[in-house]
Amino acid sequence: MNRLSRLAWWLVFIVGFLYFFLPLLGTFAFSMRSQPLFSAYAVVTDDPQFAETLIYSFIVGVLTIIVSIALIVPTAYWVRLRLPRLRPYIEFITLLPFVIPPIILVFGLLRTYSGGPLPLAGSDFGSNVLLVAAYTVLSFPYMYRAVDTGLRAIDVQSLTEASQSLGAGWLRILVQVIIPNLRVSLLSGAFLTLAIVVGEFTIATFLARPAFGPYISLLGGNKAYEPAAVSLISFGLTWIAMGLISLFGRGARTRVQVVGAR
Amino acid sequence: MAFLELSGIQKRFGETSAVIDFNLAAERGEFVSFLGPSGCGKTTTLRMIAGFEQPTAGTVAVDGKDITRRAPNQRNVGMVFQSYALFPNMTVAGNVGFGLRVRKQPKDRVAKRVTELLELIHLPDKADRYPYQLSGGQQQRVALARALAIEPQVLLLDEPLSALDAKIRVILRNEIRAIQRSLGITTVYVTHDQEEALSLSDRIVVMSEGRIEQIGSPFEVYNFPATSFVASFVGTLNVMTARVAGAAEGRLVMDGQPIRAARPVTIAPDGANVTIAFRPEMLSMGEAGANRLRGTVQDVTFLGSIVRIRVHLASGATVVSVDTFNDPNLTVPEAGAEVTISFPPEAVLVLEAPPAATAEDLIAEA
Ligand SMILES: Nc1ncnc2c1ncn2[C@@H]1O[C@H](COP(=O)(O)OP(=O)(O)O)[C@@H](O)[C@H]1O
Ligand SMILES: [Mg+2]
Numbered sequence: 001m002n003r004l005s006r007l008a009w010w011l012v013f014i015v016g017f018l019y020f021f022l023p024l025l026g027t028f029a030f031s032m033r034s035q036p037l038f039s040a041y042a043v044v045t046d047d048p049q050f051a052e053t054l055i056y057s058f059i060v061g062v063l064t065i066i067v068s069i070a071l072i073v074p075t076a077y078w079v080r081l082r083l084p085r086l087r088p089y090i091e092f093i094t095l096l097p098f099v100i101p102p103i104i105l106v107f108g109l110l111r112t113y114s115g116g117p118l119p120l121a122g123s124d125f126g127s128n129v130l131l132v133a134a135y136t137v138l139s140f141p142y143m144y145r146a147v148d149t150g151l152r153a154i155d156v157q158s159l160t161e162a163s164q165s166l167g168a169g170w171l172r173i174l175v176q177v178i179i180p181n182l183r184v185s186l187l188s189g190a191f192l193t194l195a196i197v198v199g200e201f202t203i204a205t206f207l208a209r210p211a212f213g214p215y216i217s218l219l220g221g222n223k224a225y226e227p228a229a230v231s232l233i234s235f236g237l238t239w240i241a242m243g244l245i246s247l248f249g250r251g252a253r254t255r256v257q258v259v260g261a262r
Numbered sequence: 263m264a265f266l267e268l269s270g271i272q273k274r275f276g277e278t279s280a281v282i283d284f285n286l287a288a289e290r291g292e293f294v295s296f297l298g299p300s301g302c303g304k305t306t307t308l309r310m311i312a313g314f315e316q317p318t319a320g321t322v323a324v325d326g327k328d329i330t331r332r333a334p335n336q337r338n339v340g341m342v343f344q345s346y347a348l349f350p351n352m353t354v355a356g357n358v359g360f361g362l363r364v365r366k367q368p369k370d371r372v373a374k375r376v377t378e379l380l381e382l383i384h385l386p387d388k389a390d391r392y393p394y395q396l397s398g399g400q401q402q403r404v405a406l407a408r409a410l411a412i413e414p415q416v417l418l419l420d421e422p423l424s425a426l427d428a429k430i431r432v433i434l435r436n437e438i439r440a441i442q443r444s445l446g447i448t449t450v451y452v453t454h455d456q457e458e459a460l461s462l463s464d465r466i467v468v469m470s471e472g473r474i475e476q477i478g479s480p481f482e483v484y485n486f487p488a489t490s491f492v493a494s495f496v497g498t499l500n501v502m503t504a505r506v507a508g509a510a511e512g513r514l515v516m517d518g519q520p521i522r523a524a525r526p527v528t529i530a531p532d533g534a535n536v537t538i539a540f541r542p543e544m545l546s547m548g549e550a551g552a553n554r555l556r557g558t559v560q561d562v563t564f565l566g567s568i569v570r571i572r573v574h575l576a577s578g579a580t581v582v583s584v585d586t587f588n589d590p591n592l593t594v595p596e597a598g599a600e601v602t603i604s605f606p607p608e609a610v611l612v613l614e615a616p617p618a619a620t621a622e623d624l625i626a627e628a
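From first to last, the protein sequence lines are chains A and B.
Once you know that position 189 of the first sequence is 189 in our numbering, the rest is easy, because the numbers rise by one and skip nothing.
Once you know that position 16 of the second sequence is 278 in our numbering, the rest is easy, because the numbers rise by one and skip nothing.
None of these hints come from the bench; they were simulated from the model.
Take the hints with a grain of salt, since some may be wrong.
Said to hold, decoys possible - A short list of chain A residues far from chain B (calculated; beta carbon distances all over 12 angstroms):
#1 14
#2 159
#3 167
#4 169
#5 179
#6 240
Claimed, not checked - If you anchor each label on the Cβ, the simulated ranges turn out as follows:
#7 A:157 - B:432: 39 to 49 angstroms
#8 A:210 - B:370: 45 to 55 angstroms
#9 A:95 - B:432: 45 to 55 angstroms
#10 B:370 - A:55: 24 to 34 angstroms
#11 B:390 - A:3: 28 to 38 angstroms
#12 B:437 - A:157: 24 to 34 angstroms
The beta-carbon is built from N, C-alpha and C at its ideal position, and this holds for glycine as well.
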């Protein structure tokens with residue numbers, strides 16, 4: 001019985017492994033068809049647009065993470081501390097990006113900000129602001145859940161009251177007591193946000209931003225092997241980011257919160 | 263003028279009244295305990311002193327200043343929680359120094375004070391540990407040091423020992439008392455453990471269902487309970503109903519058997535029912551005392567140094583507990599044996615008219 005269940009476990013593991021890695025292998029094999037070997041990769045790294053768009057998306061990702069954390073942490077904290085009855089509603093609101101497709105979001109943004117008192121879509125800077133704002137909304141489900149789970153792991157009320165009785169004000173409580181204890185949650189929320197931002201296509205395209213998502217798609221329209229190479233490289237970068245997170249998280253005692261992705 | 267003064271405090275949460283007409287005046291340096299069963303409003307009252315709850319009515323004053331409307335971080339009140347509530351991201355030294363850093367004290371002053379406090383709580387070598395590397399007892403000491411670091415005007419402790427095991431609990435409670443005495447800090451200590459309250463306090467506030475039942479020294483509360491609730495909650499007192507037979511001479515009839523109280527009954531006329539109480543340790547097996555009751559042994563329990571014998575009185579309805587010191591030469595009666603128990607008239611406390619509910623009922627409900 002025990003041996004049988006162990007066998008079954010291995011079977012599941014192998015199937016899962018194949019399901020995950022076969023497409024990668026296929027992509028890799030495909031990218032190798034360009035002659036000479038690895039030439040697809042060389043073209044990609046030689047193309048200045050690759051680095052430019054990737055860096056652009058990376059900067060947008062970091063800004064998105066900062067804005068998202070600045071909005072979500074105080075909100076989730078306050079809801080847990082003082083308005084626990086609002087939690088289901090807040091959770092519902094943060095889940096809206098799963099229900100509303102990005103295309104609707106971006107058209108809404110364009111309609112609202114093309115004219116009127118705030119014609120942001122008209123300028124480069126304004127469009128960047130709109131992009132970060134839209135991505136912040138997209139990050140809500142991940143960031144809110146990560147932060148909320150992190151808050152559940154600490155005794156928010158007692159820690160807050162202990163700080164207050166020692167004379168601390170709200171800003172100090174958030175910065176010195178709450179946020180340091182959310183490190184792992186914030187890292188996992190940040191990582192997911194970065195992953196979405198780097199791959200996002202629809203919103204970046206309609207706002208005409210020089211982002212990585214549109215670049216890959218453009219490449220796919222013109223070339224055969226290079227998009228495969230770029231996919232693998234971005235996949236590799238993803239894993240490096242994950243490694244960084246687990247490295248950061250090692251010191252912390254809170255478990256890494258794996259947040260449900262789409 | 264008392265140092266800590268609570269006047270006419272009320273607290274309502276929607277429909278529930280958590281605290282009703284709470285009045286207390288504690289002197290500087292006094293150790294006051296709030297004692298009562300779970301849900302009686304102890305924590306709520308403490309949190310109003312700390313500023314975490316606003317009273318629905320009434321005022322809180324410290325050193326003559328009304329602080330009722332002051333924010334918790336403007337009060338200079340130290341708080342120790344049952345759950346320790348140490349900052350997990352900070353070392354022991356970081357935790358203890360937190361309040362001083364908030365007060366913008368220079369680094370070397372903070373370091374010096376932290377060292378002092380860690381010596382006070384007997385953990386001088388743990389400064390660089392994180393809370394999760396300490397035992398529960400050590401964590402609670404650090405929490406105490408953290409609260410004391412800011413030299414608070416009042417120290418508040420909410421069941422600080424409830425999460426610890428029995429041995430540590432006794433050690434730590436003696437340490438808390440010793441530190442409190444040496445610093446002379448005004449302290450309010452919340453507990454549901456009567457032994458803790460009796461052993462620590464200068465005065466005990468016994469609470470039930472949001473009300474104060476009695477305020478008094480441990481001696482007064484234990485020996486002269488004001489109500490049947492206090493009688494049964496503070497110690498396992500025998501609380502029962504008796505009929506007044508001769509009020510002037512203190513003659514009563516309990517369970518059909520006559521007994522005498524040392525003092526005349528003033529609170530009820532002849533023929534009325536009253537509540538009487540006597541402590542298990544005031545009773546003895548045999549015929550030594552002036553009051554004698556006949557009954558049958560129900561069961562015998564060893565409680566370490568004490569043996570508790572529960573006796574059914576003749577009618578069978580009333581059970582009386584008798585405590586005697588454990589002694590190898592003691593002949594313990596068997597369950598079912600016919601016995602006589604006796605006690606002096608001084609042991610009989612006549613309380614108010616028949617109890618609506620005893621503490622046991624309340625505890626059972628809670
Ligand atoms: N924040 C709150 N909201 C509603 N009811 C509360 C709240 N805090 C306490 N209570 C109620 O007030 C009463 C007293 O509670 P508490 O002071 O915690 O009792 P204790 O500390 O003596 O166990 C209880 O009935 C409790 O349910
Ligand atoms: Mg309590």
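Each hint, compared with the structure:
A cut-off of 12 angstroms between C-beta atoms confirms that residue 14 of chain A is not in contact with chain B; the least separation is 38 angstroms. In this structure residue 159 of chain A is not separated from chain B by more than 12 angstroms, as the shortest Cβ-Cβ distance comes to only about 6 angstroms. For residue 167 of chain A, the condition that its CB be more than 12 angstroms from all CB atoms of chain B is violated, with the nearest at approximately 4 angstroms. The Cβ of residue 169 of chain A does not lie farther than 12 angstroms from every Cβ of chain B; its closest approach is about 6 angstroms, which violates its non-interface assignment.
Against chain B, the non-interface label of residue 179 of chain A is violated: not every CB pair exceeds 12 angstroms, the least being about 9 angstroms. No beta-carbon of chain B comes within 12 angstroms of the beta-carbon of residue 240 of chain A; the shortest separation is about 26 angstroms. At roughly 29 angstroms, the beta carbons of residue 157 of chain A and residue 432 of chain B sit outside the given window of 39 to 49 angstroms. Taken as a hint, the range 45 to 55 angstroms holds for the pair residue 210 of chain A and residue 370 of chain B, whose Cβ atoms sit roughly 53 angstroms apart.
Taken as a hint, the range 45 to 55 angstroms holds for the pair residue 95 of chain A and residue 432 of chain B, whose Cβ atoms sit roughly 51 angstroms apart. Separated by about 46 angstroms at the C-beta atoms, residue 370 of chain B and residue 55 of chain A break the suggested range of 24 to 34 angstroms. At about 49 angstroms, the beta-carbon gap between residue 390 of chain B and residue 3 of chain A misses the expected band of 28 to 38 angstroms. Judged by the Cβ atoms, the range 24 to 34 angstroms given for residue 437 of chain B and residue 157 of chain A holds: they are separated by roughly 27 angstroms.
Violated hints, listed in ascending order, are 2, 3, 4, 5, 7, 10 and 11; each of the other numbered hints is respected by the structure.
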